[in-house]
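Please model the complete structure; the sequences and the hints are all you need to start from.
Those sequence lines, one after another, are chains A and B.
Mapping of the first sequence onto our numbering: position 181 corresponds to residue 181, and the numbering continues sequentially without gaps.
Mapping of the second sequence onto our numbering: position 267 corresponds to residue 267, and the numbering continues sequentially without gaps.
Just so you know, these hints were derived from the structure itself, not from any lab.
Be aware that one or more of the hints could be misleading.
Distance windows between CB atoms, simulated [what the hints assert, rightly or not]:
| hint | chain 1 | residue 1 | chain 2 | residue 2 | range |
| --- | --- | --- | --- | --- | --- |
| 1 | A | R125 | B | A408 | 49 to 59 Å |
| 2 | A | A24 | B | D443 | 12 to 22 Å |
| 3 | A | D222 | B | N335 | 35 to 45 Å |
| 4 | B | V7 | A | Y16 | 30 to 40 Å |
| 5 | A | G191 | B | A422 | 55 to 65 Å |
| 6 | B | A422 | A | G164 | 40 to 50 Å |
| 7 | A | E122 | B | M339 | 28 to 38 Å |
| 8 | B | I433 | A | D227 | 49 to 59 Å |
| 9 | A | E122 | B | V321 | 47 to 57 Å |
| 10 | A | V21 | B | M316 | 54 to 64 Å |
Far from chain B by the CB rule (all over 10 Å, computed), these chain A residues [said to hold, decoys possible]:
| hint | residue |
| --- | --- |
| 11 | P5 |
| 12 | P22 |
| 13 | G28 |
| 14 | A34 |
| 15 | S75 |
No residue lacks a Cβ here, since even glycine has one placed at the ideal position from N, Cα and C.
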Amino acid sequence: MTDAPLVRVRALARTYVIGGVPVAALAGVDLDVAAGSFTAVTGASGSGKSTLLNLLGGLDTPSAGTIEVDGALVSGLDREALARYRRSVVGMIFQSFNLVPSRTALENVELPLVFAGVDKKERKRRAAEFLDRVGLGGRTGHRPAELSGGEQQRVAVARALINGPRILLADEPTGNLDSRTAREIVGLLDGLNRERRLTVVMVSHEESLVREFARRIVRLRDGRIVDGGDAA
Amino acid sequence: MRPADAVDFALASLRQRRLRTFLTASGVMIGIGALVSMISFGKGLQKNVTRAFEASDLFTTVTVLPGGAEKPGGDPDGKPRAKAPGRADALLDDAAVAALARLPGVAMAYPDVSFPALVGLGDRREFRLVQVVPAAAVNSSALRIRWGRAYGSDDENGVVVNRTVLRQLGETEPAAAVGRTIRITTVSIDLARLATLNLASIFSGASSPVSQETAEFPIVGVTEVMAFGGEGGLAESAVMIPPGPAGRIKRLPFSSVWDLFRIRDGRIGYSAATVRLASLRDLDRVRSKVQDLGFGTFALADQLEEVTRAFRFMDMALAAVGMIAIVVAALGIVNTMIMSILERYREIGVMKAVGASDGDIKRIFFFESGAIGLAGGAAGCVLGWATSLLINRLIDLYLSRQGMPHVAYFSFPAWIFLGAVAFAVLVSLASGIYPARRAARVDPVVALRHD
Ligand SMILES: Nc1ncnc2c1ncn2[C@@H]1O[C@H](COP(=O)(O)OP(=O)(O)OP(=O)(O)O)[C@@H](O)[C@H]1O
Ligand SMILES: [Mg+2]
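Here is the structure:
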């Protein structure tokens, strides 16, 4: 590789202890993610896909190994620094959308800016702009319960992007959507990847979607990469 | 996260669970309300008693005791009251009282003389101690005569009574009592006849040396009884009579058998004398002079410290009662906040995923419990104030039927309210510490994993 990768994962391991028995969700993963790439992560249920994404997203900390993003070590950051990392470097979307039900679409999109300490007026302005970008300009005042699954995921995408992250992490973003809507959402991510050179790492079971949009497919089995990885 | 946003988030969450917020804040309200009324009652009592003391002659009065006596009246069972008992041979007679009156700093001095009598008005009769009080003392500002006037001289044929004894004698209208005639019946023993008789004939009444005599006096003035009895000495006296007419009433030369133990060289002397100071500042000087004369002294001013200590103790006891309610309210807050964490588990995960720091989450929950405290505390002040007024009303209503004047039993200095609100917020914040920490420690991976 000529370019230094945006994300550099080495010997990454995450072990959960359940009832005194250690379970290795990830058992030594090496992976480089190039800036501006669209990477899909697939694998059977329980193979460690979500665990990998949570580690990349700074929601979890590894048991062993390192994660470097843009040359900076993410593994080993303290809780405060990790919160800053989540706030400014990555954006995440999930299978279950994870919107706050009591807040409107606009307020949900605004949320990352609140924790970034952005002034209220500026927040509202930017949130409205991002909602517009994902095609929900007219739904700012609606609560999640008043939106369809596809619309909720669009709100989640707007929320993930509002802080201008380097990487978008998507954990089975289409798992709760019908195939047409699923295609729309992945198409939206694809557009962002192409037009804005947003780095996307997406976990998905849906082979057809993965094959259509991802430029690279990483396959996990029992916490190890069995296909498409980067040897150390 | 800006503090204003944390407050916004906290309030939004409280608004979302209105009923529970209301109930939790009500717990704080009741606790603070109880505390406020308890403390204000303590303060009110203190204020009333202190004011009654200050308005009366109690602090500027020194009771002078003859040798051997530790307490006016000489009752050996009573708690000794004199700080320094006098010399055993010190006789408190007219000459001694005159000497007391001449001491610098002494405004007036008179012997404490009282005798038991059957006091009658109309067809009602009551046993009472009749107090012999010089006109100067009755006229002093320390005694409030609400109806009529004080007797003008030591020889005027008239008495001053208090309102309580009037009511017991069936006269509920003090103004109407002024001018009515009161009968004072005393008992005397003819000692000359006593020597010649045997006991059997005494008690058969055939030729008794014991005789009753009734004298009649117009009521010239009626004193008001203060709610806290603070006027002490004189205002408590049921019947006050000037020395002149008192001297003409035939009676026993002592009011208690204990008086007989004080007989020196055939003279009894007075059981006590009252010295009124010109000013409280003269207390120490006058007291040491009186002690130089060989007499014991007792001044209520000495008890002031004890009274203050008693009030401090009472404040603490009242506050302790209020504190129980506060503790219950605090547990309510902890409970509500933990419930809130469980309900918002996923939301906390979301907030963390989009960049909330532990501190941000902590602050939101902290402000939430603080807001409950602020609202509950403010409402508690209103509640405490309102219930106090209500209770005061009810007491007034009840006591006015007994002829007692209106009294504000509760005192509300501003610091009570400010302190109560600050305390409520403090307690609530303290209650929020554990829940806030717990919220901050929520693992976003776990919170976001499942629906
Ligand atoms: N918080 C946790 N505590 C204990 N074990 C966990 C935890 N999270 C994940 N695991 C375990 O780690 C392994 C990997 O889980 P992970 O969620 O990464 O799988 P996945 O590939 O995302 O599966 P799925 O396709 O079902 O989402 C599983 O065996 C799971 O039981
Ligand atoms: Mg998963």
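Results of checking the hints against the structure:
no.: 1; hint: A:R125 with B:A408: 49 to 59 Å; in the structure: holds, 58 Å
no.: 2; hint: A:A24 with B:D443: 12 to 22 Å; in the structure: holds, 19 Å
no.: 3; hint: A:D222 with B:N335: 35 to 45 Å; in the structure: holds, 44 Å
no.: 4; hint: B:V7 with A:Y16: 30 to 40 Å; in the structure: holds, 37 Å
no.: 5; hint: A:G191 with B:A422: 55 to 65 Å; in the structure: holds, 56 Å
no.: 6; hint: B:A422 with A:G164: 40 to 50 Å; in the structure: holds, 43 Å
no.: 7; hint: A:E122 with B:M339: 28 to 38 Å; in the structure: holds, 35 Å
no.: 8; hint: B:I433 with A:D227: 49 to 59 Å; in the structure: holds, 50 Å
no.: 9; hint: A:E122 with B:V321: 47 to 57 Å; in the structure: holds, 52 Å
no.: 10; hint: A:V21 with B:M316: 54 to 64 Å; in the structure: holds, 56 Å
no.: 11; hint: P5; in the structure: holds, 24 Å
no.: 12; hint: P22; in the structure: holds, 17 Å
no.: 13; hint: G28; in the structure: holds, 20 Å
no.: 14; hint: A34; in the structure: holds, 24 Å
no.: 15; hint: S75; in the structure: holds, 15 Å
Checked against the numbered hints listed earlier, the structure breaks none of them; every hint is satisfied.
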